[in-house]
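J.: Chains as they are written, first to last, in our numbering: chain D, -4 to 427; chain R, -4 to 427.
The set of hints was computed from the structure by calculation and includes no laboratory data.
There could be a bad hint or two in this list.
Remember, identical chains collapse to one label, so a pair may be satisfied in a single copy or spanning two.
Simulated pairs of lysine-lysine, PhoX-like, Cα-Cα distance not exceeding 20 angstroms [as the list claims (entries may be wrong)]:
{"no.": "1", "residue 1": "K360", "residue 2": "K61"}
{"no.": "2", "residue 1": "K410", "residue 2": "K126"}
{"no.": "3", "residue 1": "K47", "residue 2": "K74"}
{"no.": "4", "residue 1": "K61", "residue 2": "K124"}
{"no.": "5", "residue 1": "K360", "residue 2": "K67"}
{"no.": "6", "residue 1": "K(-1)", "residue 2": "K257"}
{"no.": "7", "residue 1": "K371", "residue 2": "K124"}
{"no.": "8", "residue 1": "K11", "residue 2": "K74"}
{"no.": "9", "residue 1": "K46", "residue 2": "K67"}
{"no.": "10", "residue 1": "K257", "residue 2": "K124"}
{"no.": "11", "residue 1": "K61", "residue 2": "K74"}
{"no.": "12", "residue 1": "K126", "residue 2": "K257"}
Number of protein chains: 2
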Amino acid sequence: MQRKWTSEIGDEDVGKDILLYGWVHEIRDLGGLIFIILRDREGFIQVTLPKKKVPAETFELAKKLKRESVIKVVGTVKKEPKAPQGYEVIPKEIEVLNEAEVPLPLEVTEKVPAELDTRLDHRFLDLRKPKIQAIFRIRHQMLQSVRAFLCEHGFIEVNTPKIVSTATEGGTELFPISYFEKEAFLNQSPQLYKQILMSAGFERVFEIGPIFRAEEHNTTRHLNEAISIDIEMSFTDHEGVMKILEELIVRVYEDVVENCEKFLNWLNLKLDIPSLPFERVTYDEALEIARKKGEEIPWGEDLTTPALRALAEEIGDVHYFIVDWPTECKPFYAMPYEDRPEICKSFDLMKGPLELASGTQRIHKYDMLVESIKAKGLNPESFEFYLEAFRYGMPPHAGWGLGAERLLMSMLNLKNIREAVLFPRDRHRLLP
Amino acid sequence: MQRKWTSEIGDEDVGKDILLYGWVHEIRDLGGLIFIILRDREGFIQVTLPKKKVPAETFELAKKLKRESVIKVVGTVKKEPKAPQGYEVIPKEIEVLNEAEVPLPLEVTEKVPAELDTRLDHRFLDLRKPKIQAIFRIRHQMLQSVRAFLCEHGFIEVNTPKIVSTATEGGTELFPISYFEKEAFLNQSPQLYKQILMSAGFERVFEIGPIFRAEEHNTTRHLNEAISIDIEMSFTDHEGVMKILEELIVRVYEDVVENCEKFLNWLNLKLDIPSLPFERVTYDEALEIARKKGEEIPWGEDLTTPALRALAEEIGDVHYFIVDWPTECKPFYAMPYEDRPEICKSFDLMKGPLELASGTQRIHKYDMLVESIKAKGLNPESFEFYLEAFRYGMPPHAGWGLGAERLLMSMLNLKNIREAVLFPRDRHRLLP
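So here's chain D without its partners, still in its complex pose (with noise of 0.2 angstroms):
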């Protein structure tokens, strides 16, 4: 007998037996009359013994029946209209696969709220909740939405390595490794690795993996080790990959909301598909507004927690840009503009006060780039490896990151980026 998810069982399956798999969500024994709610990944089911129509030994099995054990069910389907699906299982035999202790440490039924902390500590129970795991559904249809998307538009999938022995932008928020004898730290970006890989000729990539942040402070919306979404493309510039990045957005909520409707419901959440293109803001203009409500920033500092929030109270919490961002607010790869070198090739894509992806042109010229890392009070010596790639062939070429969740989390309106990773690491937080 082929296993069934709960999701599965219909109309065709009424009157016949079937397998089912799962976890013992809640029990009500009524004497002579015991109901279990059955739980899988995708949904629930009753199961209805009643004392005089199952064995007697499976009865005396349900009446023992511990909350979270794993059960195996073989049942008849039948038509049960006040059963949560429409549908109940009786059953001719149920098997403990595995028996949970009393009392769990979380509840799974939701019906007492707990706190992150808590939450996370026990999370394997936490993920069972259907609200938490639809969170997690939703995240892989968004890894396969972007990853479609990203090779019908000719991108080549690569891995970069996370080992290096060179911070990225020079900055001091890197986690060294013993490697061996040597000193080596953990990748804060692939940015180097995919700009080398612009002059090896592959035109255009994208790398979908973990990036590394010793960030001291522990915020809701930052994270020690988080999942970075890159691309870096050639013979283009920087409006070629922001039409790459809004059009790519589109195309996840489009998905979500056509394959993700249960898990949607789950959440409660309706989602609206963001209309194309995104607006424009210019970091002038993004300075004017802040000024207007009261944020006065001065021109070439970066945009201030509240100064973004003025900005998403003016233009509303939708996806827009901010662009031409001062060349010292940049790091050192990005273009500055021909004409203005004050401001250079750039862009943040925003949804609301949150900030979800960056990107510039990059300067692809050998002594350029040489005088902007100096220009940084960086040393060119430590970038050698990167900087042999400009000297024999590198394309004009522009990219961005985009954080997966910060793209999850202003999707899914979660209110602590956490939320938005299996077992999140923080300052704090090294375990699960």
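Go by the hints and put chain R onto chain D.
T.: Structure of chain R alone, referenced to chain D:
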């Protein structure tokens, strides 16, 4: 004018102007006639400059072109049976987007073979060779096929942490990290996390991500950073996941044959699609075959490289499973047979003498797992976060890990696993 890749030029372009971007692969200057072979990632095209038919400044520019410079070409397509693709382009305009320095540290035309170390030192140039690029185009297809197959079989893509507090298998081959005030490690396998996700009710998960192993010895088959394709599946046993694995391998071969003909040609390779089911050889039989070939291995010990070579001699350079390994050979989570606990429900997938994947049915009972951890000389206390998931409803489950580079290496007959990685990491190599 929309840019075309060289491979896109066809009869419909004859007589029309097209836009090309690429690298100067070769130049032949015959005085009044110059030939440029332009290379992009999809192939080559001949750009022909008869002095009298192209603008004077374009002809002069072409005379000074340096190999491997990046150029833009706008020109008219002509049929030319003698040209490599059957077409040539007569340029109206050539622009140098970035000039390459002279001399090149590595030849792209492959006329001069180079040592692997030299090639890896200048990987951006090495990767420009069609033969080398073909490996990574096929790798791209391999990854997409693996994901498509697993998604079609109900697997959910997940990402588990790479920064962890405990060794997965208690080994010493770990890279330590300074994680703020704590000591942490780079994960050597997602094993414990994907098992926790079985307790979390995900039922079927996969992850394609980096693993890190501080193996000290340099071989042609080992990497210190590799990409692992991992699955875990509930309500099945080792046989169930072996079936998934062998079908997956066949799917990858089929897709590569169907979609990567050009790249297989660049590699001068013809792929045979393996036939199902793969042969199963027990550990005991393997020992016997090895013994007959002069390789005596005491029962309970791992198969040595010479023994695996002897096996491959007997069985052929095909995919096969070695099953029913001694329990002492396999990690603590391997499920012993009920009736013969000295062997366990385990398998290695081999291609000839190369191990590609390894898997087991897992122990899902808490008490048995604790005993097994102790029996391996490990301390259950350091596995607390993992063991908790077994106390409250862990389903029976099984899984495997498949080395992405091993799969690619065996499919393409690469002599060194470093050929299957863009930027390999080994004991001595941290750059580029």
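J.: Which earlier hints can't be squared with this structure?
T.: Numbers 7, 11, in rising order.
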